[in-house]
Each structure stands twice: as C-alpha cells, then as structure tokens.
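J.: As you go down the protein sequences, you meet chains C and V in turn.
400 is the number that numbering that gives the first Met the number 0 gives to position 401 of the first sequence; each next residue is one higher, with no gaps.
163 is the number that numbering that gives the first Met the number 0 gives to position 164 of the second sequence; each next residue is one higher, with no gaps.
FYI, nobody ran anything at the bench for these hints, they're computed from the structure.
Computed from a predicted model, the values in this text were never measured in an experiment.
Watch out, some of these pointers could steer you wrong.
Unchecked claim - To list a few chain C residues with every Cβ distance to chain V over 10 Å, as calculated:
# : residue
1 : R164
2 : E280
3 : Q437
4 : V508
Said to hold, decoys possible - One-sided and incomplete, this derived list gives chain V residues near chain C with beta-carbon spacing under 8 Å:
# : residue
5 : C31
6 : G108
7 : N252
8 : R266
Quick reminder that beta carbons are idealized off the backbone N, C-alpha and C, glycines included.
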Amino acid sequence: MAKKIGVYVCECGGNIAEKVDIEKVITAVSPLKNVEVAERHKLLCSEGGREFLKQSIAKHGLTHVVVAACSPKQHEVTFMNVCKEASLNPQLFQLVNIREQCAWVTPNGEEATDKAIRQTRAAISRVRYHSPLEKKETECSPDVLVIGGGIAGIKASQLLAAPDRRVYLVEKTFSLGGKVKSFSKLFINMESGLSLMEQEIKSLLGNENVEVLTESEVEQILGFLGNFEVKIVKKAENEELNFNVGAVILATGFDLFNPKGLPQYGYGKLDDVYTSLEFEEMNIPDGPSGGKILLKNGKPPESVAIIHCVGRKEKDYCSKVCCLYSLKFDRMLKSQLPAVKVSHFYPDLCIPGKSFQKFYEDTKELGVEFVRSAKTEVAGNAKGTTIKYETETGSKGDLVADMVILIPAMESSSDAQKFAEMLNIPQDEKGFFAEEHQLLAPVASAVEGIFVIGCAGGPQSISESIVQAEAAAGKILSALVPGRKLELEVRTSEISEDFCTGCKTCIDVCPYGAITFNETRRISVVNEVLCHGCGSCAAACPSGAAKLRHFTFSQIYQELKEVVR
Amino acid sequence: MASTQRGAIFPAEGGGEGGVLDFIKQALGKGCFDAVLVPAKLSGSDSFTYSLIKDESLLKDTYPICPIMPVQGAKALSSLTGRGKGKKGIAALVRPCEVRATVELFKLGQVDLGNIFLISIDCPGALPLADWAKDPKKAEEAFSELLKGGASESLRPVCRICDKFSTTGGEDLHIGILGAKSGRIFLIPSSPKGKNILDCIGISVEEDISEWKDKVDRLTEERREKRRQAQKELEAKAVGLDKLLDVFSKCINCHNCMRVCPICYCRQCFFDSDNMKFAFEDYLRRAEMMGGLRLPPETLLFHLGRMLHMSLSCVSCGACEDACPTSIPVAQVFSLVGDKNQKEFDYVPGRSLNEPLPLRVYEEKEFEEVEQSYVETSAKQEAQDA
Numbered sequence: 000m001a002k003k004i005g006v007y008v009c010e011c012g013g014n015i016a017e018k019v020d021i022e023k024v025i026t027a028v029s030p031l032k033n034v035e036v037a038e039r040h041k042l043l044c045s046e047g048g049r050e051f052l053k054q055s056i057a058k059h060g061l062t063h064v065v066v067a068a069c070s071p072k073q074h075e076v077t078f079m080n081v082c083k084e085a086s087l088n089p090q091l092f093q094l095v096n097i098r099e100q101c102a103w104v105t106p107n108g109e110e111a112t113d114k115a116i117r118q119t120r121a122a123i124s125r126v127r128y129h130s131p132l133e134k135k136e137t138e139c140s141p142d143v144l145v146i147g148g149g150i151a152g153i154k155a156s157q158l159l160a161a162p163d164r165r166v167y168l169v170e171k172t173f174s175l176g177g178k179v180k181s182f183s184k185l186f187i188n189m190e191s192g193l194s195l196m197e198q199e200i201k202s203l204l205g206n207e208n209v210e211v212l213t214e215s216e217v218e219q220i221l222g223f224l225g226n227f228e229v230k231i232v233k234k235a236e237n238e239e240l241n242f243n244v245g246a247v248i249l250a251t252g253f254d255l256f257n258p259k260g261l262p263q264y265g266y267g268k269l270d271d272v273y274t275s276l277e278f279e280e281m282n283i284p285d286g287p288s289g290g291k292i293l294l295k296n297g298k299p300p301e302s303v304a305i306i307h308c309v310g311r312k313e314k315d316y317c318s319k320v321c322c323l324y325s326l327k328f329d330r331m332l333k334s335q336l337p338a339v340k341v342s343h344f345y346p347d348l349c350i351p352g353k354s355f356q357k358f359y360e361d362t363k364e365l366g367v368e369f370v371r372s373a374k375t376e377v378a379g380n381a382k383g384t385t386i387k388y389e390t391e392t393g394s395k396g397d398l399v400a401d402m403v404i405l406i407p408a409m410e411s412s413s414d415a416q417k418f419a420e421m422l423n424i425p426q427d428e429k430g431f432f433a434e435e436h437q438l439l440a441p442v443a444s445a446v447e448g449i450f451v452i453g454c455a456g457g458p459q460s461i462s463e464s465i466v467q468a469e470a471a472a473g474k475i476l477s478a479l480v481p482g483r484k485l486e487l488e489v490r491t492s493e494i495s496e497d498f499c500t501g502c503k504t505c506i507d508v509c510p511y512g513a514i515t516f517n518e519t520r521r522i523s524v525v526n527e528v529l530c531h532g533c534g535s536c537a538a539a540c541p542s543g544a545a546k547l548r549h550f551t552f553s554q555i556y557q558e559l560k561e562v563v564r
Numbered sequence: 000m001a002s003t004q005r006g007a008i009f010p011a012e013g014g015g016e017g018g019v020l021d022f023i024k025q026a027l028g029k030g031c032f033d034a035v036l037v038p039a040k041l042s043g044s045d046s047f048t049y050s051l052i053k054d055e056s057l058l059k060d061t062y063p064i065c066p067i068m069p070v071q072g073a074k075a076l077s078s079l080t081g082r083g084k085g086k087k088g089i090a091a092l093v094r095p096c097e098v099r100a101t102v103e104l105f106k107l108g109q110v111d112l113g114n115i116f117l118i119s120i121d122c123p124g125a126l127p128l129a130d131w132a133k134d135p136k137k138a139e140e141a142f143s144e145l146l147k148g149g150a151s152e153s154l155r156p157v158c159r160i161c162d163k164f165s166t167t168g169g170e171d172l173h174i175g176i177l178g179a180k181s182g183r184i185f186l187i188p189s190s191p192k193g194k195n196i197l198d199c200i201g202i203s204v205e206e207d208i209s210e211w212k213d214k215v216d217r218l219t220e221e222r223r224e225k226r227r228q229a230q231k232e233l234e235a236k237a238v239g240l241d242k243l244l245d246v247f248s249k250c251i252n253c254h255n256c257m258r259v260c261p262i263c264y265c266r267q268c269f270f271d272s273d274n275m276k277f278a279f280e281d282y283l284r285r286a287e288m289m290g291g292l293r294l295p296p297e298t299l300l301f302h303l304g305r306m307l308h309m310s311l312s313c314v315s316c317g318a319c320e321d322a323c324p325t326s327i328p329v330a331q332v333f334s335l336v337g338d339k340n341q342k343e344f345d346y347v348p349g350r351s352l353n354e355p356l357p358l359r360v361y362e363e364k365e366f367e368e369v370e371q372s373y374v375e376t377s378a379k380q381e382a383q384d385a
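Bound conformation, chain V alone:
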C-alpha cells in the first residue's frame, strides 16, 4: 500500500466538516444509502448525540467532527443492529476508535454489519466530557483553535497519545481531512462496499493521495513516541498491586466505566451479579484475616476482572475515563494493559473483520513458559533465595 495508495478527492470549500457533509448529502441524494448515523445537536440541545438521520434537511444540525464523545459509536451501532441487520443501507460516520470497537463487537456477534457502511474520519481527538459540561462555549472555542492547528493540551489524555487516529483497515471508507490543501478532502475506500459508494456518486478513486498519507504517517510516528513516553511514566505510577490499589483508591464502585465501555457487551456484568454477593460471615471472616475490609468490597477485583475480559479488544477510546466521576485515569491504565496484552497475541483490535479473537484461537504451543511446573521454576528460585 504505502505511498501508492489511491483515493478520491472531494471539494470542501466550507472546510473539512462542510466537505464531509456535502459528500454525505450527495450520497444520500443519489440513494447510495438510505440514512446516516452521525453526531447531531438536535432541538437546540447543548450537547451532541448520535442520531439516525433520514431527512437530508436535518444534516445542517450534524457534526461529523464532533468535539466530544458522549456515546461510543460502536454502542450506538450495537443498539441499532444488535438484533440483526435492516433492509436499508445505513452509513455510520464515526471516529477510527469507534470503527475499531465496532469491528470487535462484530466479532462478538453484537453488531450486524450487513447493511452498514462504516465511514471513518481522521480524528482530531475529543475534549473531556467534564470540560464540555462545565463551559460548552469555552470548550467549543478550544476545539476550533485545535482544528486550526492549536495546542492539543485541551484534548483528553488518551486522545493526545492516540496513534490510530486515521484509517484502521476495519472501515469501508475513510475520509482524510489531514494534510488537505484547504478546499478538499480525501475519500479512501478500504472495502468493496466503500468503493461502491464512490462509484455510486461517480467519482474517480485513482487520485494521488500521498499528500494526506505523508501527513498521517508523520503524525502517527510522533504520536507513537508520545504514547511510549506517556506509558513509561504511567508504568512507574501504576504497575504493581500496591500502586494499582493507589490508582483505583478513588473508585466509588459506580461501574460507569463498564456501562459506557463499548467492549463490555455482557447483558449483566458478572460483578453486578449474585455471584459477587456473599454471606455476612464471609465478609467478617475476610475482615478478620486482613484486619479490615473495605466496603463495598471487590473494587480492585472489578477493574482487574474487566481488564481480563476486555483488554484484548480495548481500543483506547477513552469512554471509561470520560465517565469516571472521580477522575481516575481508567482509560490510560486500560490502554497500557491492552497494548501489552494485545502484543502478546500479536493482535490489533479492529484491524480486520477476519482476524479472530485470540481467545477463540487454539494453539497447541503457546506461552509455554507458564506451563513449566512449580518444580522447574519457582521451587528452584525459592531454594536459591533460602
């Protein structure tokens, strides 16, 4: 692929977002799809919400490049298609991390992509929800500064170190807004479905898009370095049981992080179930053993359990951190764990619809080091230590 990748160029006199909307309008008008799922600010509300738009005239209230992420797009798509696909084609305009979460949910049977056109846009990042809630005007100003090339300090911490802000491979069509000379955007098909949309509106996909690609590659490299650095700093603060307890000590057990997580697809969280409710004597005995017991219990266990269940599919979207009322860096910790776990399996969530989830792949030889017996490993070490 690299620099030989080709795509379409679309006019965007009214800026990147305007170009995206023009493109959507054209495609809707030509019947390439029947409706579009996109963040909108409807009925004069102060916030954004994913809306399924059928009426072209309502597109004026939509914000494909949205300053905040109130609901993860994958969750919106899951509620739309969780019970099976519809007969009509729907375009979903979402962030790259939302595409990746959607791909994961597809593998988990929670999304039906049958008649969905997944369209991603180069993501400038999102502002913390709390900042928006406190002062929407100020936040909006900060965001437009950012779009003009201003400092990224106003973004959420996970967005600042995101190295997968552009095409991911899992979408049908990607819209490049980076590196465009003002007045144009790039449309890059990633699947036959995506190519069909461009054929439908009748534009050539043979244009040179290296201008965009170079910019994306450069920024990706920059972000990768930033991510490495930030994760190194976080490791010093969060790795090890004591440090992890410290990080999560502010947790109030509201489980918001789980509720907003696109990958937490269980109908009922195991940690909310009866399995996690024990008899009074049990708690008393544990208090006796440890000298004291924090109530409600299992706070750290909840986070560890969630990590175990979803970290291989974690796309670092940051929804959990946005939802944390006590500002625990949940997303940063989960990203760190996710990156490490994913590397162990050479797995990248959201990279491809065909890449099987590691848990479902049986390898006869895998992680042999953990299969060594106690006698071969720990016993020797203990004998040496003694």
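Just chain C, with the same shape it has in the complex:
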C-alpha cells in the first residue's frame, strides 16, 4: 500500500505562529515524497483541533501522521489517542517540537522557521520507517508482600487485603506493632500507642485475606511487577514458604542512632542517661518500672534534661519528628511528677504544621525551660549529672539534672542494605531507600512494583507513614487489578539472537535489571515487562544486536539525515 503522510502544523495560539513562518513550513514540506496533505491549525490540542485531525486522517486515508507543535511531554499522548480514534496505529505518528525547540528559543524568526522546516522534514523522513507496534499484555498476580509489621506495614496490609487480593505481612520479630507499640503516649493527642496498635492489629488479624508471618525472614525475591517469586523462612518452625506476588512494599522502619559513639553525652557511662526509646519503655504501664519514671536508685527525678539533635551533625540530616515527641515527654513527665524541673537543650527547634506550635506554647506554660545551645555536653561527678552548654553568643553555663534523655537521630534500618541488594533498589547516601523521584514519585522505588513506605525511606511521623501506606496501596490497587492483564511498554528493547555475542555489556548498563543472560544459548535476553525503553543497551551494544523499537538505526538515521541536509 502506498504511504500517505499527513503533516499538520499547529500555531499554538500565537506561541508558534508569531515566530515561525508557518506558510513557509507548509510550502517546504508539501512537495516531499509521500506527503498527501500539509495543513495548519490554530490549536490542534483543543477539542476542535483534535476533531479536525481525526476527520482529516479519515478523509485522506492517511497511513502516517506528523504533527509539528509542542513538546511530546505535553501532547504526544493526546495526538496518539486521536490517531487511535481514527483507526490509525498510534506508533505511526511523529510529533515535532517546534515550540520549545524553535519558536521559544530561537530569537531570529527566519532561523526559527528554517529550523522548524528541518525538523518537520526529519519527522516525515523518519515516520515512513515507523512500525505499527502492538500493545502487549502479561498475566499478573494481584497479591502483595508487605515487609515489616510496624504501623506503616499494618496500615498498607489492611487497605490491600480483599477477597481477591491476598496480602502476606512478614515481620522478623515475634510480634506486630513495631516501635509505635512501645510508645505509652503519642504526640499530639496523648493517646496510648499500645492501645492504638492493639486495635489496629486486632482489625488486621480479623481479616482472613491477610497472612501474618511473624519471626520470619525474607530469603529471596525474584521477578518484576506483577510477577515476583518470594521465598520466606519461618524461623521458629524452620519452614520454607514460597509464593508469588505482584508487588512488594518495604516498611522496614528505622533504627535509632547509638549515642555511645559520641562520648560527650556520657551515654553508657553515666547512670541516668537514657535514649528516647528507653524513656518510652520506662513509661509503659506493664514495663519493668510499672510505668513509673524512676532513676536507677529507685527515686523519681527532681530535674530532667532533654538533649536534642544527638547525632544530627554526624548524620547530616534532621530527623524531623524528634522535637515534636520531645514535647510529648514534657507532658508525660509533668503529669506523673508535677514538681519536676524540665529543661531542653537544642541547637534548632523544628515545629512545623498547623497545630504543633500551639502544643509547644502550651508546653512552655507548664514551666518547661528551652535553652538554645550550640554545644551541649553531659558530665558526671559524685553529686550527679551536669549539663554543660554554650549559647549562640558564646556564654557558657551548666545545670545539674538527675536524669538526662538523649534524642538521637533516626537512621536507616540495619536490614536496609540486605533488601537493597536483594531487590536491586538504590539506597540514598544516608542509607535509606531512595525514592524513584523525590517530588513526583515519593513512595515508588527505582524498580517498578516495589514501594517504600514509612521510615524505611527516611524519618517520618506516624501520620506521614500512614499517608505513604495509603499512597502505595493506591498505586498497587490501580496497577494490579485482579483478573486484568498488565499492559506493557511497546517501545522496548530487543536483542537479536543472531548478532548477540554474549558479552553482557548490555546487562551491566541496564538500569532496570531488565536483561538476563541465557547460559545455554549464550545470549542476552530482554524481559519486556521490566524494560522501560531507555535505549542504554542499544547504545552500548557494539554489534547492533540490541535494538530499541521505535528508535531503530534506520529511523534515527533517516531523521538525522534530514536535520543536517
């Protein structure tokens, strides 16, 4: 069948027309081989523009379409959908960006027009070599593996479990509830963390679509979105479990920075210096002290010093929730020991949000002292513990305190590296799992189908962790619909068996782990489910065995040839 190419140049209101001489572009491309029709339009992306395009494709019986308009980021999908509506395979379309790449950046009108002509010509030359790539689908499992039984993992499991979606919640310790369970009171509403978690756990265990695996370790996860093979070992029974899931949620939480590494705080050496978690434990009603705040000598403290930002400088980030929960400590101390003297030593206070400032002001009203100190040290002598501090202006002071509570930085879980290696997902420079995009994809990891929620991705408050659990659940619910197949990217890479020499260079450069080596055939093979079509392999392959569909050598050659002509 003879090729019939339609070329449409968009004025984009005045955005393009004011700089580029559109008539000149039309005149230049009209006589080119296979060009059936070349027309202009005021605004092709508008409803009227799309209708015009659709009818024109049908009227001229076009086999290929070129639109010269804006960035593909903006309207490539729009125009591809128009092609689809006009019963033309959307891959037989090419968008030329004469707005961002010509009209907006080339000051001289004549030069902008010349550039627009070259680029449109290039697109016409290229589109002739396009293939009608068909969408492919693959079977997928809607089930989900959640790793970590803290608040984030529990919330995500509750949301995802349904009669047609099984959730496996794996926890390495013997019980669910994570760190929140050991908080006797929660910041801002001062409710009991234990009873909140008991409620959540009860609701989770009541859901028969969740399988809770405590005292269990994840041994292996292989696969890709929709098709992960999981191997779990139940440590108590020494039993191995194998199952398939479609997505994985990492909710592995955080560890607390160990203040022993910083001798100036006296932790581990002086009697009544505690970390925040140790203080929390002291307040648990059925804990060792029966919920009583007591010194090692069995007496209640008369004065308490709370030291902020322990390890912040070493970690080089703010853990963002510490200032808030330290205010909660003031309330806990004051409600149990009304006469206790509480002093905070902080280099910076971080109290954002709509209701936190008031909580802080009210706390101060209780008679809690806040001392801004650039340098704080804890020294011990026969009389007790002394806090030595230095204010911003350099004046030094000291204060005797019976009890010291250190507020250490939150750091990445000791398991993080194991999972990063197992799943081939990157960690950031602080050791937390890196998000796919800090702003645009905050709960996705670099690997499709693997999500990171709660403190596994960096310090978070309880409510933020829950928001992330809900976000990841939403992503999974929309991506893996039971019974529906997974639609795959069509512009993927393929490796020619005839040309591949098995040097594995492509495997090293693939950022998605989408290429594997077939040992029997001694060639590299692309997994189309994992391939995002970035083209790294095609660029790296010396033999031309790796090819990127829709960006083949001839397509690029034909395009470039016209640009430089």
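Put chain V on the given structure of chain C with help from the hints.
T.: Quick look at chain V alone, frame taken from chain C:
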C-alpha cells in the same frame, strides 16, 4: 613488588626457547596440564600456526618464541573456549599482548579461562607478516640476529615501540628470558594457578630474579621513551580529519583489520551489516551535497567506528597492520588513540581480570567538561570570535 619479587630459575642449556620447551615437557609429563596451545610448524609447512598439542613428541615442531604473529593468540583461545571451558587443563604459551587481549576477551565473555593456564614469555617482537611471506629464509636470519642482540629495525613498527613486552599481571605464569645468563630462564608466577604449576613440577619459587627484573625495567623505560617519540611524530601526520583522511586514503575497504583484531569480537561487524546499506537516492543526495562521493562509502567512518568500539581495549598487538594489504599504519594510529582514550579512564587493558571495562562503570561525575551547555561554552567562544 619491584626488586623483592621472587621466582623460579629453570635450566636452559639449549637457549631460551629450548628451556621453555623443556619446562613444558616436564609439566606435561607430570600432568600439570593436559595439552598446550603453542605456535607450531606442522607437516613441513612454511609458516606457523597456533596448535593444540597433546602428544609430547610433537613439541619438537613448536616455536614458543615465534618470529611472526600469524593469528592473535587471544583469537585462538576464543575459538577454543568461546563456548565454555573444557574439563582438561590447557596451557597457552602466548605473547604478553596476546595475554592482554585474552584478558579483555574474558571480560567480554568471549574466553573462558576456567581451565586455561595463561603463560606469557618475554617478547622479542615479531617480524612483519609480509616480510616473512616474501622471503622466509631471510626473515628467519634477521630474527635470529635479533635474538642475539641485533638491531630491531626488522621488527614491526608497533613492536619496536612496545613497552609492555614482559609480564603484564593478567597471566598465570610469566617466563623471563631477558637478562638471563646463558643457560637459565626465569619462571615468575602471577596467580595461584601459576604457582600451582611450579609446585606441580616441584621447583622453588624463592629465587632472586632481580637480574631479569632490572633488565626488563631498563628496556621498558627505553621503549616508553621511543613510544613517546614515535607517537609525537605520528600525531603530526595523523591528527585532524584531513590528515586522518590522508592516512586512510589507501584503504580498500577489505575490513581485514577488523577480521584479525582480537578485540573485534562481534559476530557481524556493524559496518558489514544492512544498517550500513542505503538507498541509491541517499547516496545521490550525499554526492549532491558534497560535490562527490567516494564509493564504497563510509571508509573513514568504518575506522572511526572501530576505534570507538575497541580502542579502550586495544593492546597494540599489531595484527591489523600485518593484515593491511596497502600498508596503512593502522596499528600505530589505533595505538595512539588507544593510549589516549585509556589514559582518560585510567584504564590499562589486560592489566587485571578484575578491572572492569570503563563502559560498564557508572560514575555520577565524569567528564563534566563535556556536559557544559552550548551557552556556557561554544556560544561564548562564537561571540568572541564574531
């Protein structure tokens, strides 16, 4: 390492080559390996070819110190193990440049070193293939003169400026024949596998080998200087598009250089593929644009493409130049480009099996100068020029 390096001393009454063969014979006899890959002159032929020898009696026809390099040893090893290693141990007696090419092919998955013992020998260099073909007798005389310490002018130009003619680090065992008082050679293990061979034949590796080492260091320094000088002269003749076109103007597009290159491991060269065949109109349009078009086209592009693909792994073995029917100094040009490119990545091909190929290493910050935008660089320059 330096002067404290130790090794074994092996008797070589019949000269260096004789010593090497005695050593191989002993090792074969004791079953340290099952066969040996070595240049041989079999069935009365006039030339040499890599042969896999199992029968000890055939060793008399082998030439571990061979006057020419008809096939690059790495290519021979690739054909032997490209489909995986065998069950039996094989010793490969090759030149240092062949070891280095083998190491590169190993990284590229084209050689399996599983049961291979890579043994290199101090290389006196090789004669041009063409000289050998023209008059083997005369060439043989020139080579034996050279071994006795004669002038190196009969060697191939790349061999004359080779500064990696001795141990390279990539082999299992190196045989030193330089600086030996007549009647002995040095065996220097570079890997546990190499040490195993010496243990197997039961000789001590604790001997002082500084006599050999000093000679190697001295000659290396000499050659480095020669290489610098020669490359400087070549730069004046070959750098820049016009000069490069001049150098390759004699190219007849036979692609022999690619076919004999050990690093060119592609099943089919991209430049021989359909990707490089265009429609008649294309050629006509290019002729129109440039006023004329040389056919077959893409001659220089082929060499540039090959440089791009293999120069980081180029070991300056000279196989390409030997194979060029029109005597283009291909190996000298490729060595020059290779040296420069390799330096950019602080990469030495063949230095170590564990050193990853630069293309496979991701560095977040690298060559930042080329990442600067047009506005930051060229535009400023253009404005100044205007």
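J.: For every hint, state whether the structure bears it out.
T.: Hints, one by one, checked against the model:
For R164/C, the non-interface assignment is confirmed: its Cβ lies about 37 Å from the closest Cβ of chain V, beyond the 10 Å cut-off. The beta carbon of E280/C sits about 42 Å from the closest Cβ of chain V, which is more than 10 Å, so the claim that it is off the interface holds. Chain V leaves Q437/C outside its interface by the beta-carbon criterion, the shortest separation being 16 Å against a cut-off of 10 Å. Listed as a non-interface residue, V508/C fails to keep its Cβ farther than 10 Å from every Cβ of chain V; the least gap is roughly 7 Å.
Proximity of C31/V to chain C is violated relative to the hint, the smallest CB-CB distance being about 30 Å (cut-off 8 Å). Checking G108/V against chain C by beta carbon gives a least distance of about 5 Å; that is within 8 Å, so the hint holds. Because the closest C-beta pair between N252/V and chain C is about 19 Å apart, greater than 8 Å, the hint is violated. Hint on R266/V holds. Least Cβ distance to chain C is approximately 5 Å, under the 8 Å limit.
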